[in-house]
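Given chain A's structure and the hints, the job is docking chain B onto it.
Chains A and B, in that order, give the protein sequences.
Sequential numbering from 7 applies to the first sequence in our numbering.
Sequential numbering from 14 applies to the second sequence in our numbering.
FYI, nobody ran anything at the bench for these hints, they're computed from the structure.
Only a predicted model underlies this, so the values are computations on that prediction, with no experimental measurement involved.
Ideal placement from N, C-alpha and C gives every residue a C-beta, glycine not left out.
Check each hint, because a few of them may be wrong.
[Unchecked claim] Just the calculated beta-carbon pair ranges, DEER-fashion:
#1 B:Val-42 x A:Leu-140: 48 to 54 Å
#2 B:Gly-138 x A:Gly-348: 54 to 60 Å
#3 A:Leu-158 x B:Glu-85: 37 to 43 Å
#4 B:Thr-83 x A:Phe-49: 53 to 59 Å
#5 A:Leu-140 x B:Leu-137: 25 to 31 Å
#6 B:Leu-137 x A:Arg-204: 32 to 38 Å
#7 B:Arg-129 x A:Val-366: 53 to 59 Å
#8 A:Val-366 x B:Val-42: 42 to 48 Å
#9 A:Leu-38 x B:Ser-158: 31 to 37 Å
#10 A:Ala-173 x B:Asn-169: 34 to 40 Å
#11 B:Arg-96 x A:Gly-44: 41 to 47 Å
#12 B:Ala-204 x A:Phe-49: 25 to 31 Å
#13 B:Leu-137 x A:Phe-45: 29 to 35 Å
#14 A:Phe-208 x B:Gly-177: 53 to 59 Å
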Amino acid sequence: MSDNASGSAMAERGLKDADQTVASFEEPEHGLIRRTQGFLHRFPTSIPFIVLLIGIVIFSFAAPGKFLAPFNFSLILQQVTIIAILGVAQTLVILTAGIDLSVGVIMILASVVMGRTAVVYGVPVEIAFPLGLLAGFACGLVNGLIVTKLRLPPFIVTLGTWSIFGALNVWYSKSETIRQADMQEAAPFLQWTGTILRPYNFFASLGLDWSFLKGWVLNYGSIVMLVVAAIIWYVLNRTAFGRHVYATGDDPDAARLSGINTDRTLIAVYALAGFICAIAAWVLIGRIGGVSPQAGQTANLDSITAVVIGGTSLFGGRGSIVGTLVGALIVGVFRNGLALSGLELLWQDFAVGVLIIVAVTIDQWIRKISA
Amino acid sequence: MSGEAVPGEVSRAEPVLQARALNKRYGRVVALDNADFDLMGGEILAVIGDNGAGKSTLIKALTGAVIPDTGEIRLNGEPVSFRSPIEARNLGIETVYQNLALSPALSIADNMFLGREKRREGWLGRYFRLLDRSFMQKAARQRLSELGLMTIQNINQPVETLSGGQRQGVAVARAAAFGSRVVIMDEPTAALGVKESRKVLETILRLKERGLPIVLISHNMPHVFEVADRIHIHRLGKRIAVIDPKRHSMSDAVAIMTGAMAPPSDEAT
Numbered sequence: 007m008s009d010n011a012s013g014s015a016m017a018e019r020g021l022k023d024a025d026q027t028v029a030s031f032e033e034p035e036h037g038l039i040r041r042t043q044g045f046l047h048r049f050p051t052s053i054p055f056i057v058l059l060i061g062i063v064i065f066s067f068a069a070p071g072k073f074l075a076p077f078n079f080s081l082i083l084q085q086v087t088i089i090a091i092l093g094v095a096q097t098l099v100i101l102t103a104g105i106d107l108s109v110g111v112i113m114i115l116a117s118v119v120m121g122r123t124a125v126v127y128g129v130p131v132e133i134a135f136p137l138g139l140l141a142g143f144a145c146g147l148v149n150g151l152i153v154t155k156l157r158l159p160p161f162i163v164t165l166g167t168w169s170i171f172g173a174l175n176v177w178y179s180k181s182e183t184i185r186q187a188d189m190q191e192a193a194p195f196l197q198w199t200g201t202i203l204r205p206y207n208f209f210a211s212l213g214l215d216w217s218f219l220k221g222w223v224l225n226y227g228s229i230v231m232l233v234v235a236a237i238i239w240y241v242l243n244r245t246a247f248g249r250h251v252y253a254t255g256d257d258p259d260a261a262r263l264s265g266i267n268t269d270r271t272l273i274a275v276y277a278l279a280g281f282i283c284a285i286a287a288w289v290l291i292g293r294i295g296g297v298s299p300q301a302g303q304t305a306n307l308d309s310i311t312a313v314v315i316g317g318t319s320l321f322g323g324r325g326s327i328v329g330t331l332v333g334a335l336i337v338g339v340f341r342n343g344l345a346l347s348g349l350e351l352l353w354q355d356f357a358v359g360v361l362i363i364v365a366v367t368i369d370q371w372i373r374k375i376s377a
Numbered sequence: 014m015s016g017e018a019v020p021g022e023v024s025r026a027e028p029v030l031q032a033r034a035l036n037k038r039y040g041r042v043v044a045l046d047n048a049d050f051d052l053m054g055g056e057i058l059a060v061i062g063d064n065g066a067g068k069s070t071l072i073k074a075l076t077g078a079v080i081p082d083t084g085e086i087r088l089n090g091e092p093v094s095f096r097s098p099i100e101a102r103n104l105g106i107e108t109v110y111q112n113l114a115l116s117p118a119l120s121i122a123d124n125m126f127l128g129r130e131k132r133r134e135g136w137l138g139r140y141f142r143l144l145d146r147s148f149m150q151k152a153a154r155q156r157l158s159e160l161g162l163m164t165i166q167n168i169n170q171p172v173e174t175l176s177g178g179q180r181q182g183v184a185v186a187r188a189a190a191f192g193s194r195v196v197i198m199d200e201p202t203a204a205l206g207v208k209e210s211r212k213v214l215e216t217i218l219r220l221k222e223r224g225l226p227i228v229l230i231s232h233n234m235p236h237v238f239e240v241a242d243r244i245h246i247h248r249l250g251k252r253i254a255v256i257d258p259k260r261h262s263m264s265d266a267v268a269i270m271t272g273a274m275a276p277p278s279d280e281a282t
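One chain only, chain A, in its complex shape:
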């Protein structure tokens, strides 16, 4: 085609002489770096898996004997459960190119509603529990309505509602803690997520002596986390709503022109995120046994960290639930591993900070392939 001096001369030759190879696929330059970039672009979730693997290898040498113990892995899993559930909620919001700074406080508010309504006001847990879920849902709905109806940036909206929900939390909880014993008496159901499971004992009761399971400990909270993640994975990847979430985050104008009601999608995403935060509240009660209005102060930023390290782009439209779960595990593994290696707490924060910056740098680099 290079023989054409000018475009118009070319155009007037008509179609007969036109190049007959249809829309041929131009191969990008081959080079290791290019290929890596291409591979990561197609399988972005592979990065967090690699980082997780590297972390595990490093810490099994840095803290020999201690880090690789089944008990330790069980501990990490329990430590990351709440962050992972909040991370799932956060993933939904970040996929739409938004951010939810209120996930942590929604969780605490919902846990207070569940616990206080049941224990202090003596309402049956059959009502108190759904009431807590409803509170989380309502908080998310408020976020979604403000984002879409007032057309404000999600960062500002959720910064505001963070404060508002926090105030409501203080008002309803009167800053009172609910003790484990009181909870156990009035509403043991709310503590169910903290129930310890020993897989070895379970299989032994079936007559299977699987000794490799010895030492592994699980709680129902971790199972709740996996179920929530599986459901949201299904919604995002196998339903039209999920495709609309990605499309809305990717290019809202294109989504609208394709016939997607982007406002409705956004409202649904924030409301669903609020509901998931309320489920995290249930797991939180199980973990600490009671309700503390001061619990989970760092949960907000930790959830964003998990999402970002898990490879979901803050610019919307790309990312995955699996990535977020692995991202939460990475944070857990690094914090736990550094602690077991005998380093002070400050180095855990240092490492997490480095991970975030590296993750976003890689994300930017991968996105360049589309430019």
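Here is chain B on its own, set in the frame of chain A:
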């Protein structure tokens, strides 16, 4: 190839999409001044006009993106009024926007069915809203190969990995797949190189062979004269002439468009 159109379901003489006396004002600016429009069955109608002539307002009125103040739009003879692009789309008028309206991170198949996803038959689809992905992938592949775009090997690759021409192809294939009555294309070759423009023009002609009438908005005179059956010239908010590209030169068209030449009276609408 472009001369004799294979007759589609609608005969050539029948107008498919018509507009009469459309008016649209933005404050003191008159964007449409009693504008008329006629698209016949099975034809490629090019719409040309200088910047600010009101052609994009006309197109927006025809696709539901703008609601005209007064005037009438008829689709297959029936009066219609669209309040949104979705309503126009539901009546079979598909638009390929200049910015394509594709989601870059989603796959080709996802993009083709974006906003009209097909669910699995039976209880999985009804209660669990499970998408019928294999159907959509198959249909997307079929549409692309019908338009000669099947060098795209992987229907699940993200649209952002495609070249500009391939993306245009996907957008056109999507319009063709769902546009049952009219396909409107806004500057489909504007952002493309010479080679890719050829592909798109070829695609437009293939679409026409399948009997779909096409409205082509373009600034590129060689492209317009190559594929159009008739050329609608828009000037100062109204249709000033409809010319036959075989009987007029490009410079005539430009002269009429800019007011340097009086519109021919022999060729009425």
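For each hint, the structure was consulted:
Between B:Val-42 and A:Leu-140, the C-beta spacing of about 51 Å keeps the proposed range 48 to 54 Å intact. Our hint of 54 to 60 Å for B:Gly-138 and A:Gly-348 holds, since their Cβ atoms are close to 56 Å apart. Between A:Leu-158 and B:Glu-85, the C-beta spacing of about 40 Å keeps the proposed range 37 to 43 Å intact. Checked against the hint of 53 to 59 Å, the pair B:Thr-83 and A:Phe-49 passes, with Cβ atoms roughly 56 Å apart.
Range check, A:Leu-140 to B:Leu-137: Cβ separation about 29 Å, and the 25 to 31 Å hint holds. As the Cβ distance of B:Leu-137 to A:Arg-204 is approximately 36 Å, the hint placing it in 32 to 38 Å holds. At about 35 Å, the CB distance of B:Arg-129 to A:Val-366 disagrees with the hint of 53 to 59 Å. A hinted range of 42 to 48 Å for the beta carbons of A:Val-366 and B:Val-42 is consistent with their spacing of about 45 Å.
Separation of A:Leu-38 from B:Ser-158 is about 34 Å and conforms to the stated range, judged on CB atoms against 31 to 37 Å. A hinted range of 34 to 40 Å is violated for the C-beta pair A:Ala-173 and B:Asn-169, which are about 47 Å apart. Range check, B:Arg-96 to A:Gly-44: about 44 Å between beta-carbon atoms, so the 41 to 47 Å window is met. The supplied range of 25 to 31 Å is met by B:Ala-204 and A:Phe-49, whose beta-carbon atoms lie about 30 Å from each other.
The supplied range of 29 to 35 Å is met by B:Leu-137 and A:Phe-45, whose beta-carbon atoms lie about 33 Å from each other. The hinted range of 53 to 59 Å is satisfied by A:Phe-208 and B:Gly-177, whose Cβ atoms lie roughly 58 Å apart.
Hint check: violations occur at hints 7, 10; the rest are consistent with the structure.
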